[in-house]
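Trainee: Residue-level listing of the chains:
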Amino acid sequence: MNWITDYVRPKLQKLTTETKPAVADNLWQKCPSCEQMLFHRDLVDNLSVCHYCNHHLRLNAYARLKLLFDNEEFTPITLPKVPLDPLKFKDSKKYVDRLKDYRKKTGQEDAILVAHGKIGGNPAVVAAFDFSFMGGSMGLAVGAALVAAAELAIKLDFPLIAIPASGGARMQEGPFSLMQMPRSTVAVQMMREARLPYLVLLVDPTLGGVSASFAMLGDITLAESGATIGFTGARVIQQTIKEKLPAGFQTAEYLQEHGMIDRVVHRKDLRATFKKILTLLRQKSL
Amino acid sequence: MYTLDFEKQITDLETKIEELRHVSKEKGMDIVAEISVLQKKVDKLLKDVYGKLSSWDKVQVARHPERPHFLDYVKELIEDFTELTGDRLYADDQAIVGGLGRFRGQTVMIIGQEKGHDIESRMKHNFGSPKPEGYRKAVRLMALAEHYRVPLITLVDTAGAYPGIEAEERGQAVAIARATDMCLSVTVPFVATIIGEGGSGGAIALATANRVLMMEYAIYSVISPEGCASILWHDSAKKGEAAEAQKLTAQDLLKLKIIDRIVPEPLGAAHRNPKEAITNLGNALEKELKDLSNLTPKQLKAQRHQKYLDIGRV
Ligand SMILES: [Zn+2]
Numbered sequence: 001m002n003w004i005t006d007y008v009r010p011k012l013q014k015l016t017t018e019t020k021p022a023v024a025d026n027l028w029q030k031c032p033s034c035e036q037m038l039f040h041r042d043l044v045d046n047l048s049v050c051h052y053c054n055h056h057l058r059l060n061a062y063a064r065l066k067l068l069f070d071n072e073e074f075t076p077i078t079l080p081k082v083p084l085d086p087l088k089f090k091d092s093k094k095y096v097d098r099l100k101d102y103r104k105k106t107g108q109e110d111a112i113l114v115a116h117g118k119i120g121g122n123p124a125v126v127a128a129f130d131f132s133f134m135g136g137s138m139g140l141a142v143g144a145a146l147v148a149a150a151e152l153a154i155k156l157d158f159p160l161i162a163i164p165a166s167g168g169a170r171m172q173e174g175p176f177s178l179m180q181m182p183r184s185t186v187a188v189q190m191m192r193e194a195r196l197p198y199l200v201l202l203v204d205p206t207l208g209g210v211s212a213s214f215a216m217l218g219d220i221t222l223a224e225s226g227a228t229i230g231f232t233g234a235r236v237i238q239q240t241i242k243e244k245l246p247a248g249f250q251t252a253e254y255l256q257e258h259g260m261i262d263r264v265v266h267r268k269d270l271r272a273t274f275k276k277i278l279t280l281l282r283q284k285s286l
Numbered sequence: 001m002y003t004l005d006f007e008k009q010i011t012d013l014e015t016k017i018e019e020l021r022h023v024s025k026e027k028g029m030d031i032v033a034e035i036s037v038l039q040k041k042v043d044k045l046l047k048d049v050y051g052k053l054s055s056w057d058k059v060q061v062a063r064h065p066e067r068p069h070f071l072d073y074v075k076e077l078i079e080d081f082t083e084l085t086g087d088r089l090y091a092d093d094q095a096i097v098g099g100l101g102r103f104r105g106q107t108v109m110i111i112g113q114e115k116g117h118d119i120e121s122r123m124k125h126n127f128g129s130p131k132p133e134g135y136r137k138a139v140r141l142m143a144l145a146e147h148y149r150v151p152l153i154t155l156v157d158t159a160g161a162y163p164g165i166e167a168e169e170r171g172q173a174v175a176i177a178r179a180t181d182m183c184l185s186v187t188v189p190f191v192a193t194i195i196g197e198g199g200s201g202g203a204i205a206l207a208t209a210n211r212v213l214m215m216e217y218a219i220y221s222v223i224s225p226e227g228c229a230s231i232l233w234h235d236s237a238k239k240g241e242a243a244e245a246q247k248l249t250a251q252d253l254l255k256l257k258i259i260d261r262i263v264p265e266p267l268g269a270a271h272r273n274p275k276e277a278i279t280n281l282g283n284a285l286e287k288e289l290k291d292l293s294n295l296t297p298k299q300l301k302a303q304r305h306q307k308y309l310d311i312g313r314v
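Chains as they are written, first to last, in my numbering: chain A, 1 to 286; chain B, 1 to 314.
Hints were generated in silico from the structure; no laboratory data involved.
Don't take each hint at face value.
As the list claims (entries may be wrong) - One side only, chain B facing chain A, incomplete, derived with CB under 8 Å:
1. Val174
2. Ser200
3. Gly240
4. Glu244
5. Lys247
Stated by the list, open to error - Derived DSBU-like pairs: lysine-lysine, alpha-carbon spacing no greater than 30 Å straight-line:
6. A:Lys81 with B:Lys275
7. B:Lys239 with A:Lys242
8. A:Lys118 with A:Lys88
9. B:Lys290 with B:Lys8
10. B:Lys255 with B:Lys290
11. B:Lys238 with A:Lys93
12. A:Lys94 with B:Lys257
13. B:Lys52 with A:Lys94
14. B:Lys255 with A:Lys93
15. A:Lys275 with A:Lys118
16. A:Lys93 with B:Lys52
17. B:Lys287 with B:Lys40
18. B:Lys301 with A:Lys155
19. B:Lys290 with B:Lys52
20. A:Lys66 with A:Lys105
21. A:Lys81 with B:Lys257
22. A:Lys88 with B:Lys238
23. B:Lys124 with B:Lys52
24. B:Lys52 with B:Lys301
25. A:Lys244 with B:Lys239
All residues carry an ideal CB built from backbone N, CA and C; glycine is no exception.
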């Protein structure tokens, strides 16, 4: 695994070795879209895009960063400490226990990673969500990480790329989760005031309080092919209006058609697309 | 009058008082003393019942159909209200109403969700659930407030933004995000009040202010108790537990420092005496706007930014 470099902190190295056996046990996996069996190595070689139907499978935050940064090299930052379980929340399970389980399972503190590095030679800070950590839900930790990402970008004079992948709010943090909508919006405004590019890549899925805040405020907004993006989830809409939803509803392509995003990009073209945009913005003369 | 379950013994007693009054008038009896005793009993019951409402009870009060809504507040508090309509892009969404007016001597921009009070007006206002054009109108009016340098008052009352195909098609997420963005951009004094329901992003889009107030029996949450119960408990009947866990009452939210102030409601909540509730809010708004008038435009925006950056910071 050549991507483990000096840039990667020991903790993240540990994470990759921990998750290795799980992969080996599942050499084959079914495409969630066309249900064809996909061989793990082929899938990795194809950036987790199905060979048969072009479905873009979900990537965790770490894989996302590897995919985007040159030579898979990047420097992750330590995320700010936040109050754990501010409401002492408990449903069928205590929220603190749920958090512990996800931390163990994913090797991550919360549903986001922030790192800086180069994309096609252009420096950038990237904040990438991890859908596998409680559905990428946004609570205090995620909000604080987005603010920290903007602060880092401003300190380094780098553009910021946000990559949300989230079902929306972290319900277990109740009102604190809701307040991350304005809080993450402040982070966007900090970038704007610093006149630094704030770019967004929407990936599958981006919904609820995440899509209705920083995710839809990019200067330039790209979306990965086929990603589900919207405010209200399709199931809730269907239950409310009891009508059939149009084909392709809430896909990246649908959003582009309705004027909501700038470009739909295939995963294999992501780095080149960002390179082009970042270079254009860096080489401007005024 | 619409009666909530826990109000039933109170309204029963009130019905009895009315009957007594009627009978005594017909028969020329003097029962002033008896009625006074019963009335005291009503007040005591109200105090007892309202003194120990559960979170779920408060949800029901917040949604009470006879609770004063946006236009009731505007009618009482705003002189020369001049409604301004349309988003200049697509349509006018009456789930959000806004315009210029005079509040206690000064020109203000006031914007809020209106739920309506009967079938016809509820349909007109889409039950207070805005579509993207509603939020885009709000953005336009906030920009006007900034342009003319008039204070901004918002009254929030929505179960949530409208969940429908056309709302998604026209960019509900973008519209909400941009409204919140605008809330954080203006440099005029801005006070938001949750007067009934503050439903998630649909509320935040109008509620990201220098000062956030809540009426005593209003609620404010990231998800409805019913939604939370069905997602986290897989049982919508657990809405009581969900309401408790979500910390959605004004009292909980003040304790958590999510809001700045609770505006008291009359005994038995705003639906029993709308006028008193509305006057209380008027007084609170006047005070908050006066406090904010000491800040410069730059400070007003910075204070708003800092307020949200600080939430949950250790
Ligand atoms: Zn496939």
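Trainee: Look at each hint and say if it fits the structure.
Mentor: Structure-based check of all given hints:
1. Here the hint on Val174 (chain B) is kept, as its CB sits about 5 Å from the closest CB of chain A, short of 8 Å.
2. A hinted interface residue such as Ser200 (chain B) counts as satisfied when its beta carbon comes closer than 8 Å to some beta carbon of chain A; here the least separation is about 6 Å, so the hint holds.
3. For the restraint placing Gly240 (chain B) at the interface with chain A, the shortest Cβ-Cβ distance is roughly 13 Å, beyond the 8 Å limit, so the hint is violated.
4. Evaluation of the Glu244 (chain B) hint against chain A yields a violated restraint, the C-beta minimum of about 10 Å exceeding 8 Å.
5. Given the 8 Å rule on beta carbons, the hint for Lys247 (chain B) holds: about 5 Å separates it from the nearest Cβ of chain A.
6. For a cut-off of 30 Å, the pair hint linking Lys81 (chain A) to Lys275 (chain B) is broken: about 46 Å separates their Cα positions.
7. Pair hint Lys239 (chain B) plus Lys242 (chain A) holds up; C-alpha atoms about 23 Å apart against a cutoff of 30 Å.
8. Taken as a hint, the Lys118 (chain A) and Lys88 (chain A) pair is broken in the structure, with Cα atoms around 40 Å apart against an allowance of 30 Å.
9. The hinted pair formed by Lys290 (chain B) and Lys8 (chain B) fails the criterion: a straight-line CA distance of about 41 Å is larger than 30 Å.
10. For the hint linking Lys255 (chain B) to Lys290 (chain B), the alpha-carbon distance of about 24 Å falls within 30 Å, and the restraint holds.
11. Proximity of Lys238 (chain B) to Lys93 (chain A) is assessed by CA-CA distance (about 14 Å); at most 30 Å being required, the pair is judged to hold.
12. A C-alpha spacing of about 23 Å is found between Lys94 (chain A) and Lys257 (chain B), which places the hinted pair at or below 30 Å, so the restraint holds.
13. For the given pair, Lys52 (chain B) sits about 27 Å from Lys94 (chain A) by alpha-carbon distance, which is consistent with the 30 Å threshold.
14. For the given pair, Lys255 (chain B) sits about 25 Å from Lys93 (chain A) by alpha-carbon distance, which is consistent with the 30 Å threshold.
15. Annotation: proposed proximity of Lys275 (chain A) to Lys118 (chain A) holds, straight-line Cα distance about 9 Å (limit 30 Å).
16. Pair hint Lys93 (chain A) plus Lys52 (chain B) holds up; C-alpha atoms about 28 Å apart against a cutoff of 30 Å.
17. Taking the CA atoms of Lys287 (chain B) and Lys40 (chain B), the gap is about 33 Å. The hint is violated against a cut of 30 Å.
18. For the hint pairing Lys301 (chain B) with Lys155 (chain A), the CA-to-CA distance comes to about 22 Å; that is within 30 Å, so the pair holds.
19. With a C-alpha separation of about 34 Å, the suggested pair Lys290 (chain B) and Lys52 (chain B) falls outside the 30 Å cut-off, and the hint is violated.
20. Using a Cα cut-off of 30 Å, the hinted pair Lys66 (chain A) and Lys105 (chain A) holds, with the two alpha carbons roughly 20 Å apart.
21. Distance check on the hinted pair: Lys81 (chain A) and Lys257 (chain B) sit about 19 Å apart at the alpha-carbon level, within 30 Å; holds.
22. Pair hint Lys88 (chain A) plus Lys238 (chain B) holds up; C-alpha atoms about 18 Å apart against a cutoff of 30 Å.
23. Taken as a hint, the Lys124 (chain B) and Lys52 (chain B) pair is broken in the structure, with Cα atoms around 36 Å apart against an allowance of 30 Å.
24. For a cut-off of 30 Å, the pair hint linking Lys52 (chain B) to Lys301 (chain B) is broken: about 39 Å separates their Cα positions.
25. Of the supplied pair hints, the one linking Lys244 (chain A) and Lys239 (chain B) holds, its CA atoms being roughly 28 Å apart against a limit of 30 Å.
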